[in-house]
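Student: Sequence:
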Amino acid sequence: MIGFFRKIRKKLADDNKPLKYARYAIGEIVLVMVGILLALQVNNWNELKKERLIEQKLLRALKEEINSNINQIEQGIKMQIGYKKMYVALLEDFANLDRTIDPILLDSLVEGASAPHNIEIQTGVAKSIIATGDIRYLKNDQIVEFVRMFEDKIVLVHQDFERLTNLYVNQLWPLENHRVRRLNRAHDQYYWFVLELPKSPYKTDWDGFFNDIDLENTYALALYEYTGIIKREENLLNHMNMVLGIVNAELVNP
Numbered sequence: 000m001i002g003f004f005r006k007i008r009k010k011l012a013d014d015n016k017p018l019k020y021a022r023y024a025i026g027e028i029v030l031v032m033v034g035i036l037l038a039l040q041v042n043n044w045n046e047l048k049k050e051r052l053i054e055q056k057l058l059r060a061l062k063e064e065i066n067s068n069i070n071q072i073e074q075g076i077k078m079q080i081g082y083k084k085m086y087v088a089l090l091e092d093f094a095n096l097d098r099t100i101d102p103i104l105l106d107s108l109v110e111g112a113s114a115p116h117n118i119e120i121q122t123g124v125a126k127s128i129i130a131t132g133d134i135r136y137l138k139n140d141q142i143v144e145f146v147r148m149f150e151d152k153i154v155l156v157h158q159d160f161e162r163l164t165n166l167y168v169n170q171l172w173p174l175e176n177h178r179v180r181r182l183n184r185a186h187d188q189y190y191w192f193v194l195e196l197p198k199s200p201y202k203t204d205w206d207g208f209f210n211d212i213d214l215e216n217t218y219a220l221a222l223y224e225y226t227g228i229i230k231r232e233e234n235l236l237n238h239m240n241m242v243l244g245i246v247n248a249e250l251v252n253p
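All the letters of the sequence shown, read from the start, carry residue numbers 0 to 253 under numbering that gives the first Met the number 0.
Any given hint could turn out to be false.
Across the chosen pairs, the derived CB separations fall in these ranges [claimed, not checked]:
#: 1; residue 1: 131; residue 2: 226; range: 19 to 25 Å
#: 2; residue 1: 202; residue 2: 67; range: 43 to 49 Å
#: 3; residue 1: 59; residue 2: 84; range: 37 to 43 Å
#: 4; residue 1: 150; residue 2: 212; range: 38 to 44 Å
#: 5; residue 1: 49; residue 2: 144; range: 33 to 39 Å
#: 6; residue 1: 97; residue 2: 157; range: 20 to 26 Å
#: 7; residue 1: 135; residue 2: 212; range: 54 to 60 Å
#: 8; residue 1: 132; residue 2: 238; range: 33 to 39 Å
Bear in mind the hints are in silico, worked out from the structure with no lab data behind them.
Using N, Cα and C, we set each Cβ at its ideal position, and we do this for glycine too.
Can you build the whole structure from these sequences, using the hints too?
Tutor: Encoded structure:
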């Protein structure tokens, strides 16, 4: 095409027709510019296509991580609600002067309420997206905000459990060890220890147990901590389900 215009330009120049020559020269310039713009447009389209493919790959990895974390949090909340019920049952007995002492049930409640359970939340994909700079490929602002703030939210959850664990180690377990004969409880858990343990010739002083104000207050603090943990995890779970819906909407084949 360009060669065709050059032949016309040469013929017009040879025929001494400057006006027509100028018109064709301008046309040739316009043609070249259009060609350049088209080439740039194709290049931009290819770049956008490449970025879109990268974004889709990141979204699929993010979806897998979110799904895994949702399952972990759901299981964790169920367990923590179970622990919370144990604390409520114990505190009801502390408040009830007409309580019925059932050593087997009380052993079970004390043992069950003395095992804090943390959840393992994965952050590898979110961290990688930030560390590699791939976050620039994510177009949805809500997903970008989730990736940027995700680790901070997880830190808050871990801080909750760290505070609860310190309560167990520094307050609850030492108080229980002064009141509860764990050997009797362990004797009934062959499936865990896989060995025969001797049974203590003594029984737990449950009256002394329920008269211990420090023990009662510590169970109340543990109940408070579990209530806060459950609320934070429920909020995190709702947020992750919301983001998962957005990720699915952004995926070509969710």
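Student: Quick one: are residue 132 and residue 238 within 33 to 39 Å, going by C-beta?
Tutor: 24 Å, violated
Student: Taking 19 to 25 Å as the hint, is the beta-carbon distance of residue 131 and residue 226 inside that range?
Tutor: At roughly 39 Å between Cβ atoms, residue 226 and residue 131 fall outside 19 to 25 Å, so the hint is violated.
Student: Do the Cβ positions of residue 150 and residue 212 conform to the proposed distance bound of 38 to 44 Å?
Tutor: Because 40 Å falls inside the window, the suggested range holds.
Student: Using the beta carbons of residue 135 and residue 212, state whether their distance is inside 54 to 60 Å or not.
Tutor: 58 Å, holds
Student: So does residue 97 sit 20 to 26 Å from residue 157, Cβ to Cβ?
Tutor: Violated, at about 42 Å.
Student: Taking 43 to 49 Å as the stated bounds, is the beta-carbon spacing between residue 202 and residue 67 within them?
Tutor: 45 Å, holds
Student: Does the hinted range 37 to 43 Å hold for residue 59 and residue 84 at CB?
Tutor: Holds, since residue 59 and residue 84 (Cβ atoms, about 39 Å apart) stay within the stated range.
Student: Does the hinted range 33 to 39 Å hold for residue 49 and residue 144 at CB?
Tutor: 24 Å Cβ-Cβ, so the 33 to 39 Å window is violated.
The structure is inconsistent with the numbered hints 1, 5, 6, 8, although it conforms to all the rest.
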